[in-house]
Each structure stands twice: as structure tokens, then as C-alpha cells.
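Engineer: Work out the full structure, taking the sequences as your base and the hints as a guide.
Here the protein sequences line up with chains A and B, keeping their order. The first sequence begins at 1 in UniProt numbering and counts up by one. The second sequence begins at 1 in UniProt numbering and counts up by one.
Treat the hints with care, since some could be wrong.
[As the list claims (entries may be wrong)] Okay, derived cross-link-like pairs now, DSS-like style, lysine-lysine, Cα gap no bigger than 27 Å in a straight line:
| id | chain 1 | residue 1 | chain 2 | residue 2 |
| --- | --- | --- | --- | --- |
| 1 | A | Lys15 | B | Lys34 |
| 2 | B | Lys12 | A | Lys17 |
| 3 | B | Lys34 | A | Lys67 |
| 4 | B | Lys159 | B | Lys107 |
| 5 | A | Lys59 | A | Lys23 |
| 6 | B | Lys159 | A | Lys17 |
| 7 | A | Lys3 | B | Lys34 |
| 8 | A | Lys17 | B | Lys94 |
| 9 | B | Lys34 | A | Lys21 |
| 10 | B | Lys116 | A | Lys15 |
| 11 | B | Lys42 | A | Lys15 |
| 12 | B | Lys34 | A | Lys18 |
| 13 | A | Lys18 | B | Lys94 |
[Claimed, not checked] Some chain A residues close to chain B (C-beta under 7 Å, calculated; not the full set):
| id | residue |
| --- | --- |
| 14 | Ile7 |
| 15 | Asn31 |
| 16 | Ile32 |
| 17 | Leu45 |
| 18 | Thr49 |
| 19 | Val51 |
| 20 | Tyr61 |
| 21 | Leu63 |
| 22 | Phe65 |
[Said to hold, decoys possible] Beyond 10 Å from chain B on every Cβ pair, some chain A residues (computed):
| id | residue |
| --- | --- |
| 23 | Leu20 |
| 24 | Lys23 |
| 25 | Glu28 |
| 26 | Gly47 |
| 27 | Met50 |
Read the hints as simulated data drawn from the structure, not as lab findings. C-beta atoms are modelled at their ideal positions from N, C-alpha and C, and glycine is treated no differently.
Each chain is listed here by its residues.
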Amino acid sequence: MVKVYSINDCPWCEKVKKYLKSKNVEFEEHNIEENDVDRDACYELTGDTMVPITTVNDKDYVLSFDKARLDEMLGL
Amino acid sequence: MGIYDFVVKTNKGVEKSLADYKGKVLVIVNTASKCGFTPQFKELQDLYMKYKGQGLEILGFPCNQFAEQEPGSNSEVQEFCRLNYGVTFQIFEKGDVRGETAQPLFKYLIEQQGFKGFDASHPIAAKLTEALQQNFPEYLEGDSIKWNFTKFLVDRDGKVVARFEPTFAPAEMAAEIEKLL
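Structural biologist: Pasting the structure below:
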């Protein structure tokens, strides 16, 4: 399952989610501002607390709304 | 009414009395609420790390009454956000800082330290004044908060001793802070 790590009031997070929806990619949203477990998982994955982070396998991830890299990772 | 009589809410919705900060030197700042290019967050965090052991606390109050950015930033887009803006000092609930709807704390702060103008020689001052004249002319009137990153310095006795406009870089506040520590 594709995961998107986000925070509140984050325009780039909204863009990523909207884009994934437009491409019919199913994803789970994990808000790291509201959930400390998600925050720690995001930190473990990326070594920082920057969002949006999109990951397919909890190993490879894309930071920010980077369409080209998202397409590549998701095989779009 | 003094600074320690105010009760505010943290970004997690928990009530916090400013009396908890008695005896500390405080920097109270209204911050941008969105994720833009904001070096003032970085400079504030640097001040916090440097002086927190000596009794400095920084209290950040996000507000979306201004555009998303700090003054002077324009095309330098950062396309991501950081949890808590990448800072470890306390961030409070988003709220208004100017006008009728301003949080009581900010009404108090501007009464204690009014607006004394931007440093006209600062390159950002001209840009900020121009942007305000164009978009929010009424913001230029009176002692109100003019833009994101207006910084109030409070001494260990709770007295609001200085106000630094958005055009004043946090790093340059170090000397004033050191005097109070």
C-alpha cells in the first residue's frame, strides 16, 4: 500500500494526495502532526520530519510534490 | 494585567499559562502559518539552541492573517513543509494577532510596545511597505502587528522590553537577549 506522510495545513501534501487520486492510486494518509507513531516512522524512513513523503515499500520515498519522481516510483 | 496572566493553547490544544515561564527571558513571535521559505524560523531556532540553557524560551504563534511568507521572500519556493516548522521551541495554536479578532496576548503586547517604524534603510522595508500599501493599507496604521515575524522580547520579570519588526533578523537580537540573561 502506498503511504503519504503529511501534516495539517500543508499545501504540498494536498497536491500529492490530489495527484494520486487523479491517477487512481490507492494510498493511506499518515498525519505525523497528529500521530507520534507515524511521526517516528517517517523520521526513521527519512531521517527528518519533512513532508509530504510518499513511499511504496517503506524504503524508497519521494519528498515533496515531485511529479516525475512520483511517476517513476509508482510506475505511472 | 501582566504577561503571566495570559493563558494560551499549544498546537496540540493543551492550555498553557504564561505564568509557567516566570523567571525566563521570552521571545514571543507571530510566525507564518504555511510552509514557505522562512529563514527566520531557522534563526529563531539557532537563538533558542544557543540560549535556552541560560533561560531563554521562544513562543511561536502561527497566524494566517498575512500572506504565507515572511517579508522579502518571493520566488524562493520550498516545496515541502516540516513538522513544527523544523523548530523545537513551543509552537501554539494558530490564531489572529491583529484587529478585533486578535488574541488578547497580542493586544497586550502591542500596547506595551508600539510600532516605531521599519528600518527604512533595510532593503526589505521598502518592499514590505509597498506590499502593505498595495494589499493591506490599513495594516500600516497604529501599533498593530504589521507582518509575520514581529518579535517581542520579555525580561525575567515579565516586562515587555522591546519589539523587533519583521525587517529585523532574529540573529541580530542576540545582543539584546544576552543583556537580559
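Engineer: Now tell me if each hint is right for this structure.
Structural biologist: Each hint tested on the structure:
1. A:Lys15 with B:Lys34: Answer holds: Lys15 (chain A) to Lys34 (chain B) is near 14 Å, not above 27 Å.
2. B:Lys12 with A:Lys17: The hint holds at about 24 Å.
3. B:Lys34 with A:Lys67: holds (21 Å)
4. B:Lys159 with B:Lys107: Holds: Lys159 (chain B) and Lys107 (chain B) sit about 15 Å apart, inside 27 Å.
5. A:Lys59 with A:Lys23: holds (22 Å)
6. B:Lys159 with A:Lys17: Answer violated: Lys159 (chain B) to Lys17 (chain A) is near 46 Å, above 27 Å.
7. A:Lys3 with B:Lys34: Status holds; Cα separation ~22 Å.
8. A:Lys17 with B:Lys94: holds (24 Å)
9. B:Lys34 with A:Lys21: The hint holds at about 23 Å.
10. B:Lys116 with A:Lys15: violated (41 Å)
11. B:Lys42 with A:Lys15: holds (25 Å)
12. B:Lys34 with A:Lys18: Answer holds: Lys34 (chain B) to Lys18 (chain A) is near 18 Å, not above 27 Å.
13. A:Lys18 with B:Lys94: Roughly 25 Å separates the two Cα atoms, so the pair holds.
14. Ile7: holds (6 Å)
15. Asn31: violated (10 Å)
16. Ile32: At about 6 Å, which falls below the 7 Å cut-off, the nearest Cβ of chain B leaves the hint on Ile32 (chain A) intact, so it holds.
17. Leu45: violated (13 Å)
18. Thr49: Holds, about 4 Å.
19. Val51: Hint holds; Val51 (chain A) Cβ to chain B Cβ min 6 Å, cut 7 Å.
20. Tyr61: violated (12 Å)
21. Leu63: holds (6 Å)
22. Phe65: Cβ of Phe65 (chain A) sits 6 Å from chain B, so the hint holds.
23. Leu20: Nearest chain B Cβ is 16 Å from Leu20 (chain A), so the label holds.
24. Lys23: Answer for Lys23 (chain A): holds, closest chain B Cβ roughly 19 Å.
25. Glu28: About 18 Å separates Glu28 (chain A) from the closest Cβ of chain B, which puts it past 10 Å; holds.
26. Gly47: With a cut-off of 10 Å, Gly47 (chain A) remains clear of chain B, as the shortest Cβ separation is near 13 Å.
27. Met50: violated (5 Å)
Hint check: violations occur at hints 6, 10, 15, 17, 20 and 27; the rest are consistent with the structure.
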